[in-house]
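Engineer: Protein chains in written order, with the numbering used here: chain A, 1 to 907; chain B, 1 to 907.
Derived lysine-lysine pairs resembling DSBU-like cross-links, with alpha carbons at most 35 Å apart: (1) B:Lys-681 <-> A:Lys-681; (2) B:Lys-511 <-> A:Lys-677; (3) A:Lys-813 <-> B:Lys-813; (4) A:Lys-850 <-> B:Lys-842.
I should point out that these hints are in silico values taken from the structure, not numbers from a laboratory.
Protein chains: 2
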Amino acid sequence: MEIGKVRMENKDMETISGLSIDLPKTMVYFFSAEKTDGHGGMKEVLGGKGANLAEMTSLGLPVPPGFTISTELCQVFYARGEALPEELKSEVEQAMARVEKLIGKGFGDPANPLLVSVRSGSRASMPGMMDTILNLGLNDQTVEGLAQVSGQPRFAWDSYRRFVQMYSNVVMGMNHSLLEVTLEDLKHSKGLKEDSDLAVEDLKALVQAFKKQVQESTGKSFPSDVKEQLWGAIAAVFRSWNTARAVTYREIHGYPDHWGTAVNIQSMVFGNMGEDCATGVAFTRNPSTGERSFYGEFLPNAQGEDVVAGLRTPYPVSRAGGEKSLEELMPKAYQELVEIYQKLEKHYRDMQDIEFTIEKGKLWMLQTRNGKRTAKAAVRIAMEMMDESLITAEEALLRVEPHSLDQLLHPRLDPKAEKTQLAKGLPASPGGATGKIVFDSDRAVEWAQSGEKVILVRIETSPEDISGMVSSQGILTTRGGMTSHAAVVARGMGKCCVAGCGEVDVDYGKKEMRVRGYVLTEGDQITLDGSTGEVFLGEVKTLPPELDENFGRLMNLADEYRRLGVRANADTPQDASVAREFGAEGIGLCRTEHMFFGADRIDVVRAMIMAEDRAEREESLEKLGPMQRQDFLGLFRAMESLPVTIRLLDPPLHEFLPHTDQDISELAERLGWTEEKLRNKVRALTEMNPMLGHRGCRLAITYPEIYQMQARAIAEAALLAQKEGHKVLVEIMIPLVATEAELRRLRTLVEQEVKAVQAESSMDFAYLVGTMIELPRACLVADQIAQQADFFSFGTNDLTQTTLGLSRDDAGKFLGSYVSEGLLPADPFASLDVEGVGQLVKKAVELGQKTRPDIKLGVCGEHGGDPSSIEFFHSVGLSYVSCSPFRVPIARLAAAQTAIQQRKVKH
Amino acid sequence: MEIGKVRMENKDMETISGLSIDLPKTMVYFFSAEKTDGHGGMKEVLGGKGANLAEMTSLGLPVPPGFTISTELCQVFYARGEALPEELKSEVEQAMARVEKLIGKGFGDPANPLLVSVRSGSRASMPGMMDTILNLGLNDQTVEGLAQVSGQPRFAWDSYRRFVQMYSNVVMGMNHSLLEVTLEDLKHSKGLKEDSDLAVEDLKALVQAFKKQVQESTGKSFPSDVKEQLWGAIAAVFRSWNTARAVTYREIHGYPDHWGTAVNIQSMVFGNMGEDCATGVAFTRNPSTGERSFYGEFLPNAQGEDVVAGLRTPYPVSRAGGEKSLEELMPKAYQELVEIYQKLEKHYRDMQDIEFTIEKGKLWMLQTRNGKRTAKAAVRIAMEMMDESLITAEEALLRVEPHSLDQLLHPRLDPKAEKTQLAKGLPASPGGATGKIVFDSDRAVEWAQSGEKVILVRIETSPEDISGMVSSQGILTTRGGMTSHAAVVARGMGKCCVAGCGEVDVDYGKKEMRVRGYVLTEGDQITLDGSTGEVFLGEVKTLPPELDENFGRLMNLADEYRRLGVRANADTPQDASVAREFGAEGIGLCRTEHMFFGADRIDVVRAMIMAEDRAEREESLEKLGPMQRQDFLGLFRAMESLPVTIRLLDPPLHEFLPHTDQDISELAERLGWTEEKLRNKVRALTEMNPMLGHRGCRLAITYPEIYQMQARAIAEAALLAQKEGHKVLVEIMIPLVATEAELRRLRTLVEQEVKAVQAESSMDFAYLVGTMIELPRACLVADQIAQQADFFSFGTNDLTQTTLGLSRDDAGKFLGSYVSEGLLPADPFASLDVEGVGQLVKKAVELGQKTRPDIKLGVCGEHGGDPSSIEFFHSVGLSYVSCSPFRVPIARLAAAQTAIQQRKVKH
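Work the whole structure out from these sequences, hints included.
Structural biologist: In structure tokens, the structure reads:
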């Protein structure tokens, strides 16, 4: 807890120290049908929402007038110790006066009050992360004016009630559940179900009760001065930039702290002024499937927050959605909305996520932005927009976030598996997930850290649940729609989510959920199908994902554009086949040690390790040889005509021996050794720092016969495969080389063995000998090493460990806080540390090519499947990347995007 | 064993691959009073011995004529698969003909036979490492001729007997002890003691018996053709370049394989032709003390090998040596020898090691070379030759091998200690040593590897004993003089040695030594005083070395020349005082964690680690603070006016906790924790690779309060010391920094704490904040890190571990063979890997200076005391090196030598 505090302080200091505290020339940007200062290209200054409001206004759409306070003021706010500059006051007051004039209402005017919304808006969308206040400008006087002007006292008092709830929570720090309890108590005592059943007098009493509670709880009285309300709200929006949840969100998405948020102040329009009012959100195409059909939800007589928060289950916008639709209820507004959405999609050349409100039959546009979408939808939209000639092929490729393909590649539920359906909700985010249920975020985090797979079950989610959602396999909510917090966030994360599953009854206190007669408690297993909305009892078998035609088209298109080759890391013929299906152009890393762990051979390996002299060791190796030969033969068959890089034995020998007393006893007995002998061997092989120990090529310097056996097995397998008619391209890789002399010696050893096998069978086969570059020294003397290497394959995992002096096995304790506190820009094991490790890779490439201009260069660390790392590998001129089979599509797309972007830079 | 074989094969291949197989223009270089082809500057081609023979001949000294086959032929020999080129034959035959003509004898002429010696000689002296054959040219016919011409049949047959013994061993691979047994048996059966007591008939019988044994043992008959003898000997000398012992010797001394050896063929002169003959070796100054007096040993009626091999105990050359001296026995030859030695020393401007033979009263010079000497002698000779204006001050500084100063800095026996003298031998190599006795080299190596200190006790040593001598604390021999193998080699190694201790009776079979009624067996403890020749029973207390006036003069002279500062790594005021006495100009590394291990505080440290929250942790830190303050105050007092670099806590916390079950139980009981709690903590802190784990500045990122406590303790101590009137220069060092952000955060933390202390006492003190550069990444982004660092101190130990991916704790298993097999040029932890790690250091220096031109740059790894590393540190422009106190003098001298050599390069 204490550390968290320090972190926040430092975080602030960093924000401050990087900034100028000079005031920007323009602090406030106006937008209205009359005059608009900004435009859509000004996201840095206006934030995404402000820029879009300006752009929509310019396009002639019906947007309620208002103005945006620049993001630069957010920087000033923090630089001045969370204070706003005096100079801003007059600018804001002038802007308010213009809005008053345009709308014909007065801010704080008891006769005809102007109400405004105050919203955050940063450069990139951070849905639900920062604060919003609606209906600002209401007090005990203006509420009466609103009642009179609108002719709807109930609407006026309900707005006031909402405003007090929202403002006291966001600006004054009031615990919002206290007020909700009061509201629920009142409804209960009156036997009412919905908020909309409350009468005017109920609402008046509630407002007074709320204000009293606020005074008691915060020690401050609720402000009745509308200007005080406004400044409080502006400051609160700026402060919301640095709440823990916003900071977490930025970290996850890699957004820098200095961006800041803008504040959008806009005249209110009301979707809750009666039954001829409505509010809704819509997507210009289906965000889940990508289908080209207008897709949205609305609530009659409601404010926008009701839709987004998912507290009421909304209706579809289009008739095709079934139930009551906007198309049926308000056909004129719907027609206007359809024209607008078509105009917007054409203008922005991307699928739009729009917010609208209908006030007494009149449509108002509140927001448009590029819509979030599932990976499946992203792929389909990109391909179809290209088909429609709305975007170019290059743009289509850039429209899909490579990481997001993970969603398509994850397992789905086996349709044939026997399932017991528990319930059915909304298919909010596709994919299948199975795990133990937990009912709160903390528990989700805790269990996930201890290795459990969990499903987070909530009545609804809120931004406080982000960390729990990150830790879960999937999310189930009992309330809220497809655009509820849970649904939007889960899609962004690529997590399976079933939302609005109303038949499930959740009791947080008892930590149980009840549905169709079942009672499940924390720890019970369920399975979600995010693509159908179904919830199943227990664990259901999952299947590899089915990739559709659009996916295939995108991949083929990517292949046309990329320069980098993409291979897969695979150790078995099965893995190799999956990799080939995903489009791998070869195996970049076959870890031969994985073959040593097979049940039929691990004891032979152990006997080899326990050997007391070379003769005894060779006896075991002679048994291993034929097994390895079969392994390699399988790989060569599966990878027909494609290159296969085989890394010779790498891990320290103690990894093959047991370490607990019990395991040692059992093994000794099974293999007829004395326990003492085995224990001594284990002790003798134990290392202080195995990562830096007797492993890799160092093993073969000490025990050349191990690599000899492997080289022979490879050569024999290659010849067998060739006899079967397969084309074989073998690349033999020596790991952990630090000096040219090591590689020289082992290259000779391998070549001698291969030559011997070739001589025995009077047949040749094509092969290369190269090395894994995974030590800083190897990078520094790569010119020498290249004299002995036909290829380099960068082992960026180990290179990261040594360059940063950071053990991946041990860094877990502090690496998270290093990233979250900005001491490292990202987890260097996930995304290559270009600044440090990247320098070494670049140097090794240059030196290697100096010695051997045609040297083959690849990477086989996990970074090979990371898009930002791929960008770097492309830029330094590697020939290929190699990653796990399921990341191959990601790598193909990322490689294409990099090629396109680098071409753009050149042009 | 098997590995050794592979090694040799590869070694050969390496020798070949680097070589041209073209024949050199000149293959044979002649030397005689008449005409000499070479000169002393041609060591690369003629080897040291050949060059000196040429040079001595040119100087007009009496050198038996002969010729040298160039070292280039050795390369050709190996390049051609151990075969000599045809072209060499005629050249050698022509040269032999010239020698025959000059000497007036015929090679193989039964009437008047020419005999020759065939000796190796490489660029640098490798005493006893390669093969020599004397008396070549004898067979059953020529022996009779020699008997007739010399008038001494006994001499002739004795020469023949020696020749057969030597040739059969060296060229034909005969086990020489077989022939020795035959010899001893014969002496025993005849009741004879000395070889010289054998009669002619005995010798004749011996020769025939020897030849028969050779035939039986090797399957080949002993060659009677003198040309065949000659070619066999030449090839044997070339082959001796690659015997295991020669290879080992080269590795120890860092001589490259490609040098090769020359072959010197020289007409024989005889020291064993009667009582007017003698042979001896001498030094122009005392090689043990450096005293300016002619110092040598000789044996009447003997061949040179008798002196060198130490089989008979020789007499002194000068009368001052006591006993029968050459000065008394052969005054004329002695006078001539004195004139020659003076001429030689003046000519070579260095102390000479000369070999001579007197044949029938006539003096012949066989060899001169710069003499090996103890460090003490080297220092004295350098200073005195400078005083004599024989050499310049710069030359004097270059004359002392910095590493050799170790000898002077090692402990000597406490003169006041109670001692039980066991025996007294020759003071062959100075210093004191104590250890368990072992009687063979293998055991010495084995015990030393398991951590025992051993004394190697041998009747005499031979080159096969080198590895055992390396492993021993000291060497005791029962036969042989000051120039015996044991004595020469021990002095070269800087090891204590007592030689020729005849009263000790060694029984290898029983593994025991008997002396003055004591019987000691393997494992018993003895103590040697190599400066007096005494041997003591058990362990004797040792004292720090007494450094004489010459040493002080040399050090002061070094200080005049060096540019690099020299500091010491010291953690206590005691260490700091020793360091100051040795001339340290500051503390370059105070490891604060060493202070945490004190008996009075380790439990407080443990309580700090066991703390469950920050408050509890701070409670322990509050107790540690005042202790640390006292530690630092002591250091500041001791280092008055000199800079003190304090490294904040570095090791992972688990290093402070117990790890065995018993220790955990005890500690838990003592401190009142449950065993389980302690065990859980130990488990939680355990790391897979602690070297790359949660340590260094990473600890302070997690627990800032630890560095806060240390910063406060430093600041308070500095102010206290200042109040006492001391001048304080503090350098606070943050370890294991990988990113600028880490250092920025911790620098701020330290500065805030120091400022707080300064504010509390209204007093300032001078301090710097810097970092240890010990990770590859830190080197690569040193420009960024320098923004936060007043100084860099290179932690080359850890930088070596990470750059090479080599754990110092684990590398022991294979690092030795890596060095011996040429996979690494030297142990990278002893001598900086300039090629790899050096590149990173250089880069960091350049980047650091780019950001901050005045940045202070030092090194605090153990390399700071290694001369070849110091050369590198000088060349990249570091400000200072820091090493352990006892290495400070070495560093001072090495720094001066580097400065002188680099100045030479510039001029």
